[in-house]
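Engineer: Using the hints, position chains G, R, L, P and F against chain S.
The primary structure of each chain is shown beneath.
Number of protein chains: 6
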Amino acid sequence: MPFVVVEMWEGRTVEQKRNLVRAITKAMVEEAACKPDHLHVVIHETPKESWGRGGVLGIDMVENKS
Amino acid sequence: MPFVVVEMWEGRTVEQKRNLVRAITKAMVEEAACKPDHLHVVIHETPKESWGRGGVLGIDMVENKS
Amino acid sequence: MPFVVVEMWEGRTVEQKRNLVRAITKAMVEEAACKPDHLHVVIHETPKESWGRGGVLGIDMVENKS
Amino acid sequence: MPFVVVEMWEGRTVEQKRNLVRAITKAMVEEAACKPDHLHVVIHETPKESWGRGGVLGIDMVENKS
Amino acid sequence: MPFVVVEMWEGRTVEQKRNLVRAITKAMVEEAACKPDHLHVVIHETPKESWGRGGVLGIDMVENKS
Amino acid sequence: MPFVVVEMWEGRTVEQKRNLVRAITKAMVEEAACKPDHLHVVIHETPKESWGRGGVLGIDMVENKS
Chain S
1 MPFVVVEMWE
11 GRTVEQKRNL
21 VRAITKAMVE
31 EAACKPDHLH
41 VVIHETPKES
51 WGRGGVLGID
61 MVENKS
Chain G
1 MPFVVVEMWE
11 GRTVEQKRNL
21 VRAITKAMVE
31 EAACKPDHLH
41 VVIHETPKES
51 WGRGGVLGID
61 MVENKS
Chain R
1 MPFVVVEMWE
11 GRTVEQKRNL
21 VRAITKAMVE
31 EAACKPDHLH
41 VVIHETPKES
51 WGRGGVLGID
61 MVENKS
Chain L
1 MPFVVVEMWE
11 GRTVEQKRNL
21 VRAITKAMVE
31 EAACKPDHLH
41 VVIHETPKES
51 WGRGGVLGID
61 MVENKS
Chain P
1 MPFVVVEMWE
11 GRTVEQKRNL
21 VRAITKAMVE
31 EAACKPDHLH
41 VVIHETPKES
51 WGRGGVLGID
61 MVENKS
Chain F
1 MPFVVVEMWE
11 GRTVEQKRNL
21 VRAITKAMVE
31 EAACKPDHLH
41 VVIHETPKES
51 WGRGGVLGID
61 MVENKS
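Residue numbers (full-length UniProt numbering), protein chains in the order written: chain S, 1 to 66; chain G, 1 to 66; chain R, 1 to 66; chain L, 1 to 66; chain P, 1 to 66; chain F, 1 to 66.
So here's chain S without its partners, still in its complex pose (with noise of 0.2 angstroms):
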């Protein structure tokens, strides 16, 4: 029935993704008993110049992978 919504920046390979959906599943399955079939992992990525943290924009930090 669930579904997880992943905010991050952008730049992970579709490898890391594929991995990423598969390991968050196996999360959701042991430790929250829930079903696969139904389950749905979306990644949303989003450019380092419309995210900000502790109102600094990624694209002005100096440590760029987070």
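Read the hints as simulated data drawn from the structure, not as lab findings.
There could be a bad hint or two in this list.
[To be verified] Computed cross-link-like contacts, EDC-like style, restricted to lysine to aspartate or glutamate with a CA-CA straight-line distance of at most 20 angstroms: (1) L:48 / L:10; (2) L:48 / G:31; (3) G:35 / R:10; (4) G:35 / R:60.
Predicted model only: the values in this text are computed from it and were never measured.
Structural biologist: Frame of chain S; chains G, R, L, P and F shown alone:
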């Protein structure tokens, strides 16, 4: 007052989105007694490489339209 | 595949929510060629003290139904 | 940097949610190279009367756990 | 047109939420040239047992206000 | 702890987004007693062909800036 967020795969035409926004607005007015003037319907289209169901990424699924 | 999140004020009856879920699912199937079996419709109901429009909190507005 | 929103039915225990937050954080770190310190995992629990799949409201479905 | 969703822990007063809605609306008008009349600000308050950061659930953290 | 998601039409400059992130963070700190260090502000920009209000799609509306 309300707003509706539709999350689905990329690929619908503008005409499909135009009709979908109209139909969802109609449903909100008729079934939930909403006023249309401040009612937003937003469609987030996600690439199939960023959406998984049952632990399998969209691009790895056999059937394409869902 | 898709899912729809409806954000609105608290206060609808179960019957209204039942009809709204059916109507939105119908709109998604008819207008966006979705398959109903994995299609989720989730209704988030927010108290009027936690929702504002035009800078004014719901509980401070004159008209109540939106 | 990222955050994860889990949308599911009401009813999990605190222990299940504790373990789910840990497991999803682990997945994000291991599969998407995220740093854990700013990584939020939020669980939205929705009553079955406010969630439908395939046009049918949760409370009207035969099987209860999903 | 836009809407803003604030996700935070439970516990703010109505007065804090009133002021927060006003201040965020002002920021949207002044910084992003939005018109206020259709601008929604919605506050989702989540219990600390349903929110984790760095893999640790809110109720298990030492510092309480975040 | 909190995060804020801004949903609006495409088209703002990086400078507008920089200022908006700063102003919203300031509002959260001043009005809701949040600490800025873990506070995310994410801007989702949606094309006008995927956003409707009052049943009318953005691209079909006369006034452009909202």
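Engineer: Of all the hints given earlier, name the ones this structure violates by number, lowest first.
Structural biologist: Those not satisfied: there are none.
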